[in-house]
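J.: What follows is the residue order along each chain.
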Amino acid sequence: MQEPVGFGQFVAARSPALLRSAWLLTGDEALAEDLVQTALARVWPRWERIYRSDSSAEAYVRRVMVTTYANWWRRQWRAEQPVAEVPERAARVDGYAEVNDREEVRQALGVLPPRQRAVIVLRYYEDLTERQTAGLLDCSIGTVKSQASKALRRLREQSWATVDDTTKAADRDRP
Amino acid sequence: MTDLETMLRTKLRTAVEPSPEPISVEAVTNRVRTRRRRLTTMAAVGGALAAAIPSVIIATGADDARDIHDTPAIRPTDVGIPAPAEVGSLPLGEPPSTPWSFGQTLHVGAQKIPVPGTGGPDVIGVVEGGWFLLVEREQFHPYAFRTEYGILHADGGFTPLPNLQRTGRPHVQEAAVSPDGDQVAGQAVVDANTGAIVARLPEQASYLIGWGRSGIVYDEAYEADRSAKSILWTPGSDPIPLAREVTDVVSGSSHVVTGKLGGCREVADLHSDGSLTTLWRGCHGLSPVLLSPDGTHVLTSNLSVVDIQTGEATRLFGADEPDHAAPDRAPSWQVVWEDSAHLLLTVDATWLVRCSALSLRCERAAGPLNITPGNDVNLIGPN
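As you go down the protein sequences, you meet chains A and B in turn.
Throughout the first sequence, residue numbering follows this note's numbering, covering 1 to 175 in sequence.
Throughout the second sequence, residue numbering follows this note's numbering, covering 1 to 383 in sequence.
Since the hints were made in silico from the structure, they are not lab data.
Certain hints may be false.
As the list claims (entries may be wrong) - No farther apart than 27 Å at their CA atoms in a straight line, the calculated lysine-lysine pairs in the DSS-like style are these:
1) LYS229/B - LYS260/B
2) LYS112/B - LYS150/A
3) LYS150/A - LYS260/B
4) LYS11/B - LYS150/A
5) LYS150/A - LYS229/B
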């Protein structure tokens, strides 16, 4: 099976950036790698048609990645994962567990439904405009705005709950 | 940008450092091979089935659906929303007939009712005795608020609904009003007048999509090891898993929007037994976003108004779509169905504009307003 021209170079150059976004979406390093591999595998047959530059191909792969992610929880996606892939996952070691920000972000994003999480990642990490986000998700700008608004409200509430818990703990510990 | 948004951007970038190692092309190649073997097997099975039982029809509920997959001829039009500089020249019409909020004020016809709290309310719907809101209270931290559900009355009084407070984890996100306006649902179903709990949502309920004539639709908790579903439920009955993901419930009707993000989506009739009858399907820019209250028209993701009966699509914005992304993360651009014949939308962070879904003739309904992130508009459709 012949690898499409330019595909290997693209994966080497751009997969780290794709993995970062995928981690923000999934909150798990192994799932992030699954997501990126799945998106790249889906793009493979169309590579020669979609590749014009690294940036345009990356935008296409991101679209596939985001929509794949948002629809993952709608079906038993694990049935699609071949057992043969497991060793590759196991070889990676999560060296980031001790980073507080990483865990905080993972927990914060973890309470959001997939669609809201996708909007937050696209708007505040990828820095896409509302219009670009709407185009990628094939929804209206108003939908992007309302999903972001709901997600931010949820994150604010969670911050309140965290602050509240911290305050209560401090009160308990106070002599 | 708010403090929370600034903090969020910083933390998202910090959280993904240092950069991960590249994925191996071999891993992708293996996945492509496996995918091809699986697709080949599925095709063979499908072919065998088709050969053995040629008359089998896999029911999708789409027999009567009008399918639009390719972009139809969207006719040029001199109606619709004009360029921003010309919106102020549109004729002035009546004020919006549905409630709308601007900053901390709820507009109901000519009446202006102050809303408690800060940050702009989330007006969920109309109930007997007032409007069901979510307000933000007590900014305890630069980006931490406590929120409160309650009923805003015409005299400006606010009655909290403590039985809907989202406390602890997990809890149900979002809320909805019953079609008759007598009850509201969130963490529980409560009487809108007394605040008393009528029923508790099933334990797996995580995200409330809406409340239509067929019942409450919610999503189950999102877990990586389960296939979550959209569920139809009414108090006192068992939850009914739905065959497709519901993304929107048209309040007060039996219509819903179903489908996958980024893919084709359908307008469907949701029946009380959980079955779905597809009325219309759109893809790639023509995905349905907002269905009119009477179910005859759809506003799509590329801002076209589609007549479901004829399939004719017309762009809402007569010329190129205005760039609502500038300034970024600024006031919301919104659109709702004011009634079955009219759309109400914010334009250029300055005007509320009403457009006829039949003629696409537009007029100003309110403004000029100075819509800013801290003083935003929230349009509310009919219940």
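J.: With reference to the structure, classify each hint as holding or not holding.
T.: To see whether the hints hold, each was checked on the structure:
This hinted pair checks out: LYS229/B and LYS260/B have alpha carbons roughly 12 Å apart, not beyond 27 Å. This hinted pair checks out: LYS112/B and LYS150/A have alpha carbons roughly 25 Å apart, not beyond 27 Å. Under the criterion of a C-alpha separation no larger than 27 Å, the hint pairing LYS150/A with LYS260/B is consistent with the structure, at around 20 Å. Using a Cα cut-off of 27 Å, the hinted pair LYS11/B and LYS150/A holds, with the two alpha carbons roughly 19 Å apart.
In summary, the hint linking LYS150/A to LYS229/B is supported, as the alpha carbons are separated by about 21 Å, within the 27 Å threshold.
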